[in-house]
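The hints should help you fit chain Y onto chain Z, whose structure is shown.
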Amino acid sequence: MIALGIEGTAWSLSIGVVDEEDVIVLENDPYIPKEGGIHPREASQHHSERLPSLLSRVFEKVDKSSIDVVAFSQGPGMGPCLRVVATAARLLAVKLKKPLVGVNHCLAHVEVGRWKTEAKNPVSLYVSGGNSQVIARRGNRYRVFGETLDIGIGNALDKLARHMGLKHPGGPKIEELAKKGKDYYLLPYVVKGMDFSFSGMVTAAQRLYDSGVAREDVAFSFQETAFAMLTEVTERALAYLDLDEVLLVGGVAANKRLQEMLKIMCGDRGAKFYVPPRELAGDNGAMIAYTGLLMYKHGYQTPIEKSYVRPDFRIEDVEVNWD
Amino acid sequence: MKVHLGGEAEVKILDDVVVKKRVPKRYRIEKLDRELRFRRTKMEAKIISAARRAGVPTPIVLDVEGDTIVMERIYGTPVKNAMSEDISREVGRLTAKLHKANIIHGDITPMNLILSDGRIYFIDFGLAFFDNKVEPMGVDVHVYFESLKASFDDWEKLRDAFIEGYLEEGGKEEVIVRAREIEERGRYVERVNM
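Line order of the protein sequences matches chains Z and Y. Residue 23 in this note's numbering sits at position 23 of the first sequence, and the numbers go up by one each step. In this note's numbering, each number is its position in the second sequence, counted from 1, plus 1000.
One or more hints might be untrue.
[Unchecked claim] Derived pair list, reagent style PhoX-like, types lysine-lysine, alpha-carbon separation capped at 20 Å: (1) Z:Lys182 / Y:Lys1031; (2) Y:Lys1100 / Y:Lys1133; (3) Z:Lys192 / Y:Lys1100.
[As the list claims (entries may be wrong)] Just a few of them, taken from the derived set where beta-carbon distance is under 10 Å, the chain Y residues facing chain Z: (4) Lys1025; (5) Tyr1027; (6) Arg1028; (7) Leu1036; (8) Ile1104; (9) Asp1131; (10) Pro1136; (11) Lys1149; (12) Phe1152; (13) Asp1153; (14) Glu1181.
[To be verified] Residues from chain Y that face chain Z, not an exhaustive set, calculated with beta carbons under 8 Å: (15) Arg1026; (16) Ile1029; (17) Lys1031; (18) Leu1032; (19) Glu1035; (20) Gly1106; (21) Leu1127; (22) Phe1129; (23) Val1139.
Calculated from the structure, these hints are not laboratory results. Since we're looking at a predicted model, the values are computed, not measured. Using N, Cα and C, we set each Cβ at its ideal position, and we do this for glycine too.
Here chain Z stands alone, though its shape is the one from the complex:
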């Protein structure tokens, strides 16, 4: 069985085609803001302008008629972007006369990670621009055990990067600078139970920079503090749920220092650490295609009249009836 998936909840516009075994095609055409952060309307305009050509690129590589299921990211995400993606998916499904499956974006991150690593029943740390969550399965639902109380770690990194004169995406630039950092400055470390917050830390780091501290040291201090918070909450979830696998997913999963901290934590408590290949860790169409395929095989289908976008779609809302 072959599924096509369209992802476009925020800056990423991506189409993937998968079968049960592997990714067949993955094509990307991301929106890159000229300056500042992501503007939802501009991003959605980008998506609607580029979707047709992106789709043609995909169909140069796979035969249209081989597609069995059309999947799309139904939420969570930016409303205008979601609407473009949902409209395209509906049209395609009708045109191909194939079933449509609306997929939860967060669920897709976790499922593609389980598909492409050895992780079976992990605590997942999902870190991206807009989302930062600690997720684990309990019975027939995934549950969020901890999450950011304000902004996602990716947005926090972007905000700091912009303040220090660096362009979008800021995460990789902060990572590079941090490697050269030497002096650690304490920043607000906010963990409450299983939840955490980054906005106070961003403000404090911006002030540090304004007071003349070198960019390298600000970046270093920021990463060390923020990633320690994420690692601590992940460890708490492992202990609380008595699990022994950690899966790191989302765009920020590419950060080597975050990977290293989680690896050390896992090593010290005898847990295993997994991270999917980079192109499948960040937002991508293949994860939507794969999760759509999985759901379709387990009886899910989204009738057109129920394919409305869900900007606040939560992972807990999906009943999971597969292994």
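Here is chain Y on its own, set in the frame of chain Z:
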């Protein structure tokens, strides 16, 4: 001597005293690690004292040094092995006292409560913090309800007794309502922002 290895701390139970030491974490750099362990140890001792002043039985803190707290050992039975409606009602009263003092315990379960000489002691404040908002109080109550559900067949009666005690002692009704909502949304904390 018994040693318990929790997520954060190593707890040694000696004849008269309990020694709780926050262990270093290798994944975070030393300066931050030390700061966190020392700060949290100090905070825990402060919260234990605040809870006592609020009328909640806790072990007496005998010494705080760096990352280590030495406290009185409470001999008794874990509430898990002695649960009744009267006990759950008293847990409700004591939780209301904590909340009126803006103390969020963070882990109210029958394993963390000890019945000793007819009094119920709260023994572990390792996850506690100060907060005056309804949400964390709701989470506190929710965690207790979940632990009842996991351990007792008559958890509904025990839950209702807790609610009686909580309200009787001046705990806010909206906290109970919030605890129910948290259960319905199937998670612990409300998302503030995307």
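Quick rundown of the hints versus the structure:
The hinted pair formed by Lys182 (chain Z) and Lys1031 (chain Y) meets the criterion: a straight-line CA distance of about 12 Å does not exceed 20 Å. Between Lys1100 (chain Y) and Lys1133 (chain Y) the CA atoms are separated by roughly 11 Å; this keeps the pair inside 20 Å, and the hint holds. For the hint linking Lys192 (chain Z) to Lys1100 (chain Y), the alpha-carbon distance of about 19 Å falls within 20 Å, and the restraint holds. With its C-beta approaching chain Z no nearer than about 7 Å, Lys1025 (chain Y) sits inside the 10 Å limit, and its interface hint holds.
At about 4 Å, the closest approach between the beta carbon of Tyr1027 (chain Y) and any beta carbon in chain Z falls short of 10 Å, and the interface hint on this residue holds. Taken as an interface hint, Arg1028 (chain Y) checks out: its beta carbon lies about 4 Å from the nearest beta carbon of chain Z, inside 10 Å. With its C-beta approaching chain Z no nearer than about 6 Å, Leu1036 (chain Y) sits inside the 10 Å limit, and its interface hint holds. Because the beta carbon of Ile1104 (chain Y) sits about 8 Å from the nearest beta carbon in chain Z, less than 10 Å, this interface hint is met.
Taking 10 Å as the C-beta contact cut-off toward chain Z, the hint placing Asp1131 (chain Y) at the interface holds, the least distance being around 8 Å. For Pro1136 (chain Y), the suggested interface contact is upheld, since its CB lies about 7 Å from the closest CB of chain Z, less than 10 Å. Interface hint status for Lys1149 (chain Y): violated, as the beta-carbon distance to the closest one in chain Z is roughly 13 Å, over 10 Å. Taking 10 Å as the C-beta cut-off, the interface hint given for Phe1152 (chain Y) is violated, the closest approach to chain Z being about 19 Å.
Residue-level restraint check for Asp1153 (chain Y) is violated (minimum Cβ-Cβ distance to chain Z is 19 Å; threshold 10 Å). With a least beta-carbon distance of about 14 Å to chain Z, the hint placing Glu1181 (chain Y) at the interface is violated under the 10 Å criterion. With its C-beta approaching chain Z no nearer than about 5 Å, Arg1026 (chain Y) sits inside the 8 Å limit, and its interface hint holds. Nearest Cβ of chain Z to the Cβ of Ile1029 (chain Y): about 5 Å, under the 8 Å cut. The hint holds.
The closest approach between the C-beta of Lys1031 (chain Y) and any C-beta of chain Z is roughly 5 Å, which is under the 8 Å cut-off, so the hint is satisfied. Hint on Leu1032 (chain Y) holds. Least Cβ distance to chain Z is approximately 6 Å, under the 8 Å limit. Satisfaction of the interface hint for Glu1035 (chain Y) is found here, the shortest Cβ-Cβ separation to chain Z being roughly 6 Å, below the 8 Å cut-off. Hint status for Gly1106 (chain Y): holds, given a least beta-carbon distance of 5 Å to chain Z, under 8 Å.
Residue-level restraint check for Leu1127 (chain Y) holds (minimum Cβ-Cβ distance to chain Z is 6 Å; threshold 8 Å). Taken as an interface hint, Phe1129 (chain Y) checks out: its beta carbon lies about 6 Å from the nearest beta carbon of chain Z, inside 8 Å. With a cut of 8 Å, the hint placing Val1139 (chain Y) at the interface with chain Z holds, because the nearest CB-to-CB distance is about 7 Å.
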